[in-house]
Amino acid sequence: MKVDSLLLSPVKLQNTIMDSNNVKDPNEQKLKFSDVLSNALNDVNQLQLNAQRSSVDLAAGKIQDISEAVIATEKATIALQLTMQVRNKIVDAYQEVMRMQV
Amino acid sequence: MIIMGIFNAIDAAASGMSAERLRMDVISNNIANANSSRTAEGGPYRRQMVVFEARANASSFAQIMAQQQSAGSGVRVTGIMKDQSAPRLVYDPNHPDANKEGYREMPNINIISEMVDMMTATRAYEANVTAVNAAKNMALKALEIGQ
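Note that the protein sequences, when read in sequence, are chains A and B.
Counting in our numbering, the first sequence runs from 1 upward without gaps.
Counting in our numbering, the second sequence runs from 1 upward without gaps.
Accuracy of the hints is not assured; some may be wrong.
As the list claims (entries may be wrong) - Below 30 angstroms or equal to it, Euclidean Cα-Cα: the simulated DSSO-like pairs (lysine-lysine) are:
hint	chain 1	residue 1	chain 2	residue 2
1	B	Lys141	A	Lys32
2	B	Lys82	B	Lys100
3	A	Lys89	B	Lys141
4	A	Lys62	B	Lys82
5	A	Lys30	A	Lys89
6	A	Lys89	A	Lys32
Keep in mind that the hints were calculated from the coordinates and are not lab data.
Kindly produce the complete structure, drawing on both the sequences and the hints.
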C-alpha cells in the first residue's frame, strides 16, 4: 500500500503583512520602524478605548449584550500583552547592545 | 489595523454568542406567550423562529476571491420568522375568546420543544464561549514562545 508522505503546507497570509512587504511600492519602503511601532501602539490604544467605552455603555444600559463588553475587554487584554512582549524584546535588544564591549 | 488578524476567531465566536442570545430572547418570548390567545394583529400568538445565515463580509470581487482561502466572519441573523402551522384548538366554552362551538384558538407552541430549543441555545452559547477562550489561550500561548 502506497502512503503519501505528509507534507507540511505553509499557511499563507492573504492580504495583510506579507503582501505589503512584497509590494515594491516606494511609499511602503519608506515606512520607518518607529512609524510601524506607533501605528501598532495606536491600534492597541484604540482597543483599550473601545473596551473602556463598552464598559461604560454596559453600566449605562446602552449595551444589551454582556458578551460584547467582555469580548472588547478580552481583546484589549490580549493586545496589551502582545505589546508588553514586544516592549520586553526591544528592551532586551537595547540592553544587549549596551553590554557590547567597545 | 495590523493586529486585527488575530481576532478573527474571537469575532466569529462573538457573533455566534450574539445570535444565540437573540435566539434565547425569541424562545423566552415564545414560552411567555404560550397561552396568549390575542395579539395586536388578531388571532392567537404565533410561534417565532430565528433564521441564521453565515456572514460574508465580501463586497468586491477581490475580497470574494480572497475568501475562498480564508474563514468567514461568523453568523448573522437573517430575520425572525413566524411559524405558520395551524393554531391549537382548546375546548373552553366559557372563555371570552371561544368561538360558537366553544373552542378557543391557542398558540401553536409546544412547550417541550421550546424547552429543548432553549437547552440547545444555551449549549451553543457555551460552545462559543469555549471557542473564545481557546482562541485567547492560543494567542497568549504564542506570546510565551522564547520565554
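Comparing the hints with the structure gives:
1. Lys141/B to Lys32/A: Status holds; Cα separation ~29 angstroms.
2. Lys82/B to Lys100/B: holds, 27 angstroms
3. Lys89/A to Lys141/B: holds, 16 angstroms
4. Lys62/A to Lys82/B: Within the cut-off at roughly 28 angstroms; holds.
5. Lys30/A to Lys89/A: holds, 23 angstroms
6. Lys89/A to Lys32/A: holds, 18 angstroms
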